[in-house]
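Student: This is what each chain is made of:
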Amino acid sequence: MRTQLPLAICFTMGVLMLGQYFVPHAASQDLFRRTQEWLQAIGVFALVLGLGSLIHLHWERIRRQSANWRYSVVVLSGLVVMAGVGLVQGNLQPARKLTPTSTRQHEDGTYTFKDTTITLRSPTLAGRTLLRGDQVHIVLADGSTAAGKIGAKVADGDDGDDGDGRLTAQVVRWKGGTPPDAGTGFAVVRPGADLFSWLFKYVQTPLDATMFSLLAFFIASAAFRAFRARNLEATLMLVAACAVILGLTPPFVHAWNTLAPAMPGFPTALKDWILDVPNMASRRAIVLGIGLGAIAQSFRIILGLERTYLGGAD
Amino acid sequence: MCALALLTLICAAAHGLTAPTDVRAYDVPNDDAGKGLDIEWAYEAPTGETSPTGFHILRASVDEGQFVVITAEPLDADVTAYRDAMAAPMQRQGTALREEATTYLYRVRAVYDEAGDATADSAQSNAATARGNLYHTRKTWMLLWIVAFAAVIVHLTRRARAGHVPKIRRIAGLEAVDEAIGRATEMGRPILYVAGIGEVSQVATIASINIYSHVARRSGDYGTRLTTPCHDPIMMQIMRSVSEQAYLDIGRPDAYNADDVFFVTQSQFAFAAAVDGIMVREKPAAIFLQGVFYAESLILAETGNSVGAIQIAGTDKDAQLPFFIAACDYTLIGEELFAASAYLSGEGHLLSTIRAQDIAKATLMACLVVGAILQMAGIDLIARFFEVAL
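Going line by line, the protein sequences match chains C and R.
Just so you know, this note's numbering puts 105 at position 60 of the first sequence, and the rest follows in order with no gaps.
Just so you know, this note's numbering puts 307 at position 287 of the second sequence, and the rest follows in order with no gaps.
No lab work stands behind these hints: they were computed from the structure.
Incorrect hints may appear among the rest.
Computed from the model, here is a short list of chain C residues facing chain R with C-beta under 7 Å [as the list claims (entries may be wrong)]:
1) 328
2) 345
3) 349
By construction, the Cβ of each residue, glycine as well, lies at the ideal position given by its N, Cα and C atoms.
Using the sequences provided together with the hints, build the complete structure.
Tutor: Following this line, the structure appears as structure tokens:
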């Protein structure tokens with residue numbers, strides 16, 4: 046039972062989702078959307094378990110003062126501070142500076158403008174953006190503030206939903222104050238967003254950028270090892286890599302064009318040929334294999350041939 | 021209403037202006053009704069007469085019957101088709117479902133001067149309604165392909181169960197799995213398994229879970245510690261379950277330690293930093309990087325290389341493969357990752373799916389060759405058959 050029930054669910058949902066891909070009807074799209082939402086809901090429950098694991102692991106390290114336990118203090122401190130600030134302030138939305146392009150005054154004295162600076166996959170991504178009905182403070186051009194709402198009482202068709210579930214704009218509505226001139230800009234601030242935004246912008250983002258920037262050095266060290274001409278294949282790769290690098294280097298291309306006017310643009314043409322012909326051919330072969338492998342794997346799972354991922358016994 | 025249209029036609033004819041003809045409106049095929057309606061018409065100016073400067077589209081709902089111009093600017097004079105996206109029914113709030121669609125009629129107005137005084141309207145089109153379609157006709161080849169592929173898999177699986185087990189080539193990266201675990205055991209250092217930063221719904225992540233099961237069994241057999249940091253809490257639960265089962269299967273439930281499979285973070289580079297830290301501090305002798313990887317692939321692989329671990333990587337992200345090939349000892353390239361569970365288990369019915377994969381690949385290659393030859397001969401039959409419509 047422990048295996049049979051998940052297998053039955055897997056088979057049913059697998060066939061259903063496979064069929065869904067071939068049915069463009071709105072009901073089919075809605076089914077797909079709902080399954081994605083279920084996945085998100087499951088993810089929330091699993092996150093609680095994940096957090097439990099994280100806290101337990103690091104708390105035990107601190108309690109036992111095992112090796113490198115000080116790192117665990119940093120992890121738990123970061124968790125407590127970020128979660129605490131987010132919970133106390135009640136939002137995860139950074140303040141956003143906006144430039145209204147089409148502020149409109151309505152008969153009831155309210156103003157609206159369309160914010161097209163965002164593209165969101167779904168309005169259900171709570172905590173990632175301002176959502177319909179959210180209360181905001183609008184700091185106007187003259188420094189005064191007005192209380193407003195996102196997308197409140199906005200007629201259908203004016204909410205920026207382009208029909209495929211992707212929001213391309215949100216309408217901000219407020220009453221009172223002096224509307225700013227087009228192009229001057231004003232801030233839309235959800236109350237109490239500042240500390241969390243600050244932590245995100247000035248702590249997490251630079252740390253992420255630091256890790257990402259390590260990539261440049263790692264590429265150099267990996268390339269140094271990979272490009273050593275130990276055998277024929279490695280030598281071919283070294284030659285191809287040099288040709289591509291030189292073809293992408295403007296001073297070399299310029300020097301070539303000056304010294305060999307009979308063959309202008311040769312390094313660029315060679316680089317393009319390497320990337321577009323042998324490189325693209327091998328890449329497509331890999332992608333083809335990946336696609337077929339993924340389909341075969343999916344069939345193994347849907348048909349119940351592959352069961353390891355279930356973990357449990359029969 | 022009809023009298024007014026008739027009057028317009030008579031006026032246009034009196035001025036020698038030709039109206040568009042054969043106006044047809046129909047539902048945009050293969051959509052959820054969200055693309056609206058397509059309108060097509062014909063226009064042929066009699067020889068020697070003035071040509072129009074453009075066309076306007078007029079629309080009326082069948083219920084109201086009042087035609088209004090829906091094009092802000094005239095369409096170019098050489099255009100004979102228009103898509104009216106506004107005829108699509110509204111989407112219901114918070115769902116992908118749509119309201120009931122309105123049925124519309126159309127006219128096409130030929131405009132003969134910039135002021136818009138000299139015009140000639142066509143007769144009205146047929147009534148058309150935007151509807152959601154039940155089958156995407158331009159995905160037929162995919163459906164046929166999947167059905168054929170499934171049939172081959174089922175057939176070969178049956179054959180394998182009857183004793184005809186296919187042989188598959190040796191995959192160096194998978195042969196090295198036991199060697200890597202053995203090396204870690206000899207050195208008395210742990211094994212690090214990273215299942216990438218993909219979600220469990222991704223096929224490569226599931227392939228990684230299957231490999232993990234094998235690694236967990238072997239490490240349990242040898243009594244070597246297996247550390248598994250997870251990027252996704254759902255993955256953590258699954259990996260724990262798979263690991264626990266693996267230790268149970270080999271009769272060593274006592275060797276299972278839930279704390280060795282732990283959640284780190286869902287932030288991409290924070291995860292990379294944490295795993296790098298584990299590599300540097302614990303100095304694992306064997307590192308498995310299997311699953312979905314993005315920019316962090318080389319950061320992890322180079323750090324693993326720097327601590328002297330034997331590294332076996334595998335991913336379905338072709339952009340990351342060169343990094344793994346450069347920095348790791350063995351790399352499962354794309355399809356090898358998916359073949360891993362079948363290869364490692366050695367079970368005939370699983371190996372048969374790899375044979376099915378090879379048959380599909382050979383068929384596709386034949387299609388590519390024949391299609392390329394036909395294309396050079398000016399026949400685009402196969403190219404059109406495989407045209408992708410999403």
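Student: Verify the interface restraint on residue 345 (chain C): the C-beta must sit less than 7 Å from at least one C-beta of chain R.
Tutor: 5 Å, holds
Student: Tell me if residue 349 (chain C) is really an interface residue toward chain R, meaning its C-beta lies closer than 7 Å to one of theirs.
Tutor: Hint violated; residue 349 (chain C) Cβ to chain R Cβ min 11 Å, cut 7 Å.
Student: Interface hint check: residue 328 (chain C), Cβ to nearest Cβ on chain R, cutoff 7 Å. Holds or violated?
Tutor: 6 Å, holds
In summary, the one numbered hint that this structure violates is 3.
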